[in-house]
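This is what each chain is made of:
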Amino acid sequence: MPSPRRALLILACLLGLAGLSLGAALLAGSVAVGPGELLAILAGGEPSLAAEVVLQLRLPRALSGFACGGLLALAGALMQVLLRNPLADPYVLGISGGAGVGALGAILLGLSGLGLDLFAFGGALGALLLVFGLAHGDGSWTQTRLLLTGVIVAAGCGALVALMLSLAPESQLRGMLFWLMGDLSQSLSPWPTLAALVLALLLAMPFARELNLLSRGAESARTLGVAVGRLRGLVYLIAALATAAAVTSAGAIGFIGLVVPHLVRLAIGNDQRLLLPASVLAGGTLLMAADTLARTVIAPEQLPVGVLTALLGVPVFLFLLSRTGGRSA
Amino acid sequence: MSILLAARELAVRIGPLGVCCGLDLELQAGETLVILGKNGAGKSTLLATLAGLRPPSGGQVLLQDRDYAAHGPRAAARLRGWLGQHRGDPFATTVLETALTGRHPHLGRWQWESAADVRIAREALVEVGLHGLEERDVQTLSGGERQRLAIATLLTQQTPLMLLDEPLTHLDLNHQIAVLEILARRARQGAGIVTVLHDPGLAWRYAGRVLLIYGDGHTDLGPADALLTPERLARLYGHPLARVEQDGRVAFIPC
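First to last, the protein sequences are chains A and B. Our numbering puts the last residue of the first sequence at 446; the count rises by one with no breaks. Our numbering puts the last residue of the second sequence at 280; the count rises by one with no breaks.
Derived from the structure by calculation, the hints contain no laboratory data. A portion of the hints provided could be inaccurate.
Said to hold, decoys possible - FRET-style restraints, in silico, Cβ to Cβ:
| no. | chain 1 | residue 1 | chain 2 | residue 2 | range |
| --- | --- | --- | --- | --- | --- |
| 1 | A | Pro323 | B | Glu160 | 40 to 46 Å |
| 2 | A | Arg440 | B | Gly169 | 26 to 32 Å |
| 3 | B | Val151 | A | Leu429 | 42 to 48 Å |
| 4 | A | Gly273 | B | Arg38 | 23 to 29 Å |
What the hints assert, rightly or not - Sample of chain A residues with no beta-carbon within 10 Å of chain B, all distances over it, derived:
| no. | residue |
| --- | --- |
| 5 | Ala145 |
| 6 | Leu156 |
| 7 | Gly162 |
| 8 | Gly243 |
| 9 | Gly275 |
| 10 | Leu297 |
| 11 | Leu319 |
| 12 | Gly334 |
| 13 | Asp388 |
| 14 | Glu418 |
| 15 | Gln419 |
| 16 | Leu420 |
Claimed, not checked - One-sided excerpt, in silico: chain A residues whose CB lies under 7 Å from chain B:
| no. | residue |
| --- | --- |
| 17 | Met118 |
| 18 | Pro119 |
| 19 | Leu330 |
Even glycine gets a Cβ: it sits at the ideal position worked out from N, Cα and C.
Make a model of the complete structure from these sequences and hints.
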């Protein structure tokens, strides 16, 4: 258990890393901007091409990346506690599947931009309500029932996604694939996603110590004074809405939600009071960095960032896992 | 003496199985009650009902004169502790962190564990013989060590009423007696103890009263030395037993 002072120190370090990652995202790209120039632009300097590129293109995209990464990592950490399963991720209960059905449906209908986002969010909400309603059922809310319901709904969504992919005209396939892999180039304003991130974290933090108990088992949590049923419902809703907000903005970016909470847990332990905010910062930082790479590595071509998060995350995770003998994950 | 726990006309059923019906029970501060019965007779279910973890099929359970709903989960957690049978942490966590979870009901929403809380947890770990293992990962502990850690967590909760479901599982003989001595010490300090045990000899030694659960809805409640006869135990377990006495202690040997 970290002391409050150590927790704040760790969060301050992660915040510094997030700042560096943001700086790199603003500097990197085809239009060269120096660090001094960047500071002048951010301080509100003369309008110029560089200022336009930084403020209109790079900054919103970087902030979107941070918000999505933070949301996915938070949702992953919450799902892992909720299901008491280290393999849980934000997508395991079908939220991204529902969003995928919505998004691909929108692309088939020729929608883009806000229409696409609305369809994706609607799909995510549909899956959320379906799983919540079915798993809640008789009010028992068991982990197994929730997990099974979610996995089945996810499988159903996967089938619908496959169906739409096979029916879609060639010209739309690339957009669909990019959405499914996760791609920040299409995200609109970062502010709704950032607001969702702040809201989700503020809602989850008051329950952090109760989540510590829940991760150790529902029965013992109840005897220690946790209203388990209510807490589970709340955690599910926070995690699901966080996931829905993230996938609506950037598609189904994989890996962040599964691996970032584990990376953070391996580094600083499993106290949710520190794990939740640290996961948000680490997830946001990682996704921003990955997206910077995704749009520069083979510029002017862009990679879907979901591919890079996996390519970067897998070796780091395997290294940490081998170092700790795999016990902690 | 104050009544820590009371059951009034309590009925507990598991599906078609009646565990008890019309059970009246009062547990005073300083008392130890041991529950005995066959596997599947419903001992754990009854204990969970007494702990407020499942609703009774009939009647009432009162914790210090009020039912659990009136207390609310947090206030109830400061009055009664419960040791369950299931262990398992899917995520890594240290021994000290685990013991400290017992402080949860005593802490406000934004409060962190204080030095005093850590001291209480460390003392409990010393009491169950886990000192020196504070920073060990729980997942590396043996079954017996985990069991003692769960007991230390219960002690850290510092409740006047403790309900324990098979606290001696996985424990060696020496640790079995050590745990029972810890509970007896708590009882002398005014705690009320209700525990499920498997060994009628240990029940004879540590219990003031025993509750026998026959599994057909019948129960017997009374002083340990009066109820723990070979005849009654033979009926309870469905197996003949012989009583052996040595140095003022009693053992029941399956024939």
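Hints, verified against the model:
1. A/Pro323 with B/Glu160: 40 to 46 Å: violated (28 Å)
2. A/Arg440 with B/Gly169: 26 to 32 Å: holds (29 Å)
3. B/Val151 with A/Leu429: 42 to 48 Å: holds (46 Å)
4. A/Gly273 with B/Arg38: 23 to 29 Å: Violated - the Cβ-Cβ distance for glycine 273 of chain A and arginine 38 of chain B, about 38 Å, lies outside 23 to 29 Å.
5. Ala145: Given a closest Cβ separation of 36 Å, the condition holds.
6. Leu156: Non-interface label on leucine 156 of chain A holds, nearest chain B Cβ at 37 Å vs cutoff 10 Å.
7. Gly162: For glycine 162 of chain A, whose nearest Cβ neighbour in chain B is about 42 Å away, the distance exceeds 10 Å, so it holds.
8. Gly243: At about 30 Å from chain B, glycine 243 of chain A clears the 10 Å cut-off, so the statement holds.
9. Gly275: holds (26 Å)
10. Leu297: holds (30 Å)
11. Leu319: The claim holds: leucine 319 of chain A sits with its nearest Cβ about 13 Å from chain B, beyond 10 Å.
12. Gly334: violated (6 Å)
13. Asp388: Non-interface label on aspartate 388 of chain A violated, nearest chain B Cβ at 7 Å vs cutoff 10 Å.
14. Glu418: holds (40 Å)
15. Gln419: holds (37 Å)
16. Leu420: holds (33 Å)
17. Met118: Hint on methionine 118 of chain A: holds, closest Cβ of chain B at ~5 Å, below 7 Å.
18. Pro119: violated (9 Å)
19. Leu330: holds (6 Å)
Of the numbered hints listed earlier, those contradicted by the structure are 1, 4, 12, 13, 18.
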